[in-house]
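Q: When you get a sec, could you build the whole thing from the sequences and use the hints?
Keeping their order, the protein sequence lines are chains A and B.
Under the working numbering, the letters of the first sequence match residues 9 to 117, in that order.
Under the working numbering, the letters of the second sequence match residues 2 to 1004, in that order.
Any given hint might turn out to be false.
[Claimed, not checked] To give an idea of the interface, some chain B residues facing chain A are shown, with a C-beta separation under 7 Å as derived from the structure:
1. Tyr249
2. His251
3. Tyr253
4. Leu448
5. Ala450
6. Gly452
7. Asp726
8. Glu727
9. Gln750
10. Cys751
11. Trp754
12. Lys896
13. Arg897
Everything labelled a hint here was simulated from the structure, so no lab data went into it.
We put the beta carbon where it would ideally sit given N, CA and C, even for glycine.
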Amino acid sequence: MLTLNCPYCGVDADETDLHGEGEAHLKRFGPNSTDDEFHDYLFQRQNPKGVHFERWRHVYGCGKFFHAARCTATLEVFGTYLAQTLEPPQDIKDKITAKRPSWTWGNFS
Amino acid sequence: MSTRLANTGRLVNKNKAVSFTFNGKNLSGFDGDTLASALLANDQMLMGRSFKYHRPRGVVASGAEEPNALVNLGTGPDFEPNQRVTTTELYDGLSATSQNHWPSLEFDVGAVNKHLSRFLPAGFYYKMFIHPRPFWKYVYEPIIRQSAGLGKAPKTRDDDAYEHFNINVDVMVVGGGIAGLSAALAAGRTGARVLLVEQTAHWGGRAVVDQPTIDGTPAEDWVNTTLQALEGMGNVTVRNRTQGSGVYDHGYVLAYERITDHAPDVDAPRHRLWRIRAKQIVTATGAIERPLSFAGNDIPGVTLAAAVRDYAVNWGVSMGDRTVVVTNNDDAYRTAITLKKAGLDVPAIIDARDGAMGDLIEEARDLGIRIAFGKGIAKVKGNKRVTSVGICAQAGEGAELEEIACDCVAMSGGWSPVVHLWSHCGGKLVWDDAQAMFRPDAERPPLGADGQGFVTTAGIANGHLFTAEGIADGFAAGRAAAKTAGAKGKAGDAPAGSDAAEGAISPVWLMPQGAKQALRSKAWLDFQNDVKVSDVQLAAQEGFESVEHAKRYTTLGMATDQGKLSNINGLAILSKSLNADIPNVGTTTFRPPYTPISMSSIAGPAKGDLFQPIRLTPISDWSNANGADNEPVGQWRRPYAYVRDGETVHDAVNREVKNTRDNLGLLDASTLGKLIVKGADAGKFLDMMYTNMMSNLAVGKCRYGLMCTENGFLSDDGVVARIDDETWLCHTTTGGAERIHAWMEDWLQCEWWDWNVYVANVTEQLAQIAVVGPNARKVLEKLGGMDVSKEALPFMQWRDGKIGDFDARAYRISFSGELSYEIAVPASQGRAFWDALLDAGEEFGVMPYGTECLHILRAEKGFIMIGDETDGTVIPQDLNLQWALSKKKTDYLGKRAHSRSHMADPNRWKLVGLETLDGSVLPDGAYAIAEGDNANGQRNVQGRVTSTYYSANMDRGIAMGLVHNGPDRMGEVIEFNKVDGGTIKTKIVDQVFYDKDGEKQNV
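A: Following this line, the structure appears as structure tokens:
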């Protein structure tokens, strides 16, 4: 059972206090998008063994959505950060690079 | 025979007799006995039958690893199957029965299987029972079910109490042997918060039986002193009878405490499940002795050597008068020495090694015990009890050299560290060739959130079989764990142990090494599941080369002991058959819990009234006192109908349906979701949330709205009211309030975080009552206050004001087609308002109505219900709700999806009304049949029923359903399947059955 630090209220929350909300940093495609773009937005998800970025909600706590960067293979958590961003903060990317030098994820590396 | 010894038994109080029953027989033991030692003291060696061949089985171990001696314990609400006699502490009045036999333990008809064992090899069931296919369901499975299985499932509700306990610690130490105690001591001295658990009732593990010297004193003295020291530390918690059961992600540990199993009369919860977060975990879980694989090694009386010693030293019980010890290591010599010193006969130590030197060997020799090196057991003789053993050369094929009469065989194939907890969360193992064991690989521990190891292992569990190195290893592990967890204090000096000098182990996986088929097919690996050496060899021969495949093909290690005795021996046989090295074959996966824990401990207090929170409205008390027949709606309990004396539920529904149409009905609608959406951008936001336009709704007015997911599927609906310039109140379905609130928060926090909008869920702040029927206005006018006339409060508008004495917000909306007001008051006024409406409504024929009446009234009007007409695959267009999809808006959630090719396909199933020709009620969910069959040979379908009711107002069945191109097929008759076969002819009609022109609400 994971423990993740909620970047809003600072609590180290047990997984039972959290709700997984799927992949982070999805870009929404609306009415003017192509069929392929919209299909990918709805259905295409990454399923990496290794570095992954996810959305979580501190649902039985402060109620805020946040992002977590972690390794799906070792369960190492590289960091959690606010949801109001389009990409992971540089310090978390640096931390991942230090531990997983050749990582890539979506457009990030 | 097995019996009680006069002069030993460190754990039993021979001045306190305890009475118990086994299979109805009254027996007597001592305070401090386990059920195993008490049964043995009564010469009850036969304790159960094996799973497949129903072979006689006696106890083979003395602890948690016991595979054979499982019993049904207790009766009635205390009944529990598959309890190991070795871990069951004796108490006065204990009642146990043996399992897996018929008609009796002594005479079991199923034992005929053992004569068929040549015809029941590994994989037999897979091969034999495949054809003909129907036979599996009707012939094979019922017969196999009858003869297989261990204990019976309990039949009555468990009436004991159970609880959960949450705790955070710096260092958790699992195992109360000398390594665990020294680990806890080191960690405790540093000031770290320490939790030490031991699964048995007693501390000291093997050391207190074998009594090595620690810090110059006998081990038992050191254990007592150390335990006292730990109990005196405020930062250390110690618990016996508590098993570290599982290690999970990020330092989460489950421990299983058996509080009153040994003392059922104590008024306390029976089991407690500890939910632990530990920064560091030290597993000092010891080791389990391995059996040797020789023919007849399953006959009662063949026992692990250390267990024979445990029974003699701890409980003063001898397993037999003449014990042959068979071994490949020095440790088993301790058993021979112990028995000899207790005055029992040890005719020989059969040592498979060619020779060895050591203090224990010398001592045995000095006691006059015959030691036969290079020998093995060809065969154990006896049926329900060992009578003799045939001795052979270990190097040969099993030719018998001599026969030695005996009634007990003490065997030792070496020791396997208990690596389970290390492995649960990903710790890796390494094969130690010198000691012939898998032990934890300290370089590859389970990793925590910080990417660092959070489990260390210590003592015998870490492969340190000797006292000196084990106790030092434990101390070092405890000190290091505390430091990693952040403790700053000093651990001080480590305790020092000393050992007898021992010779090296020589691995023996089969005895004799060249045993022929006849012997191999009687050499057991898994005693409980009846897996023999020959079965694993057959699996390898048939291509089941992966250890995981071989396990499932043979059922090796799949019994309730999960292979604690059989895994290493089994995979050694497998690797030999494959000509591979043991580490290349590897182990199966270790999964928690370590031994079975009670289901009730997992449930904890969450049963009965505490199973889940129940949500109640301010009116629930009145409803429950007035005949409410409740149904669950999410966590709410809503009245389905208010049943009066002499009525069936169906009668009550019909009465409510007619009365609401004819007079006046009241519905407790408080459960309806109520979300306030407020802010400068609230209108823009709601235009994204709803398919229709909400930003242009005038203050004081209401609008019905639909919500879709990004997939375009209908998700929720409800009436939205514009409260003021920046404020909207959105009604959701009863089950949807929390979900829709979270949905709105998701978009506001993660997508449009720069929009100025706030959402508050005020569902429970308000009581809401629907006042429905031709007399609705009259009752409100009688209460007085707010002008609720047609002119002052037109349809789809709302007003704030006083109704009677109540602070009311009245919405003129209708989900029934009647003249209807939904009136919200503060929750604190809800009950009084309900009472006032009932009082004032008496002259107007008022009756409360429930959710079934609500459903029927809306269905008569053709209104959809989320969850009935929708199921997550239905789009608004399917329900003829195109009018609610804004064409003016450039975007809303779901809009893009509606132009995907399948969504825009005109050939979809669409909503229509359905009228059976004979007036009967269609079955819910029934499918309309079409011509021909599909690829699976099933009948094609062309539609399905989504809502179906008996309408008392129409006196016939009415229904709605989704039918292929339905709206274009009005008047056509199609057939729906009935549950019991046959079909019902049904006409496609308009979905509005009642008051098609809406005259009743237009007053």
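Q: Taking the hints in turn, state whether each one holds.
A: Do the hints match the structure? See the list:
1. Tyr249: holds, 5 Å
2. His251: The hint holds - His251 of chain B has a Cβ within 7 Å of chain A, the shortest such distance being about 5 Å.
3. Tyr253: Interface hint status for Tyr253 of chain B: holds (4 Å vs cutoff 7 Å).
4. Leu448: holds, 5 Å
5. Ala450: Hint holds; Ala450 of chain B Cβ to chain A Cβ min 4 Å, cut 7 Å.
6. Gly452: holds, 4 Å
7. Asp726: violated, 27 Å
8. Glu727: This hint is violated: Glu727 of chain B lies away from chain A, its Cβ roughly 22 Å from the closest one there, beyond 7 Å.
9. Gln750: holds, 5 Å
10. Cys751: holds, 5 Å
11. Trp754: With Cβ-Cβ at 4 Å, under 7 Å, it holds.
12. Lys896: holds, 5 Å
13. Arg897: holds, 5 Å
Going down the numbered hints, you'll see the structure goes against 7 and 8, while the others check out.
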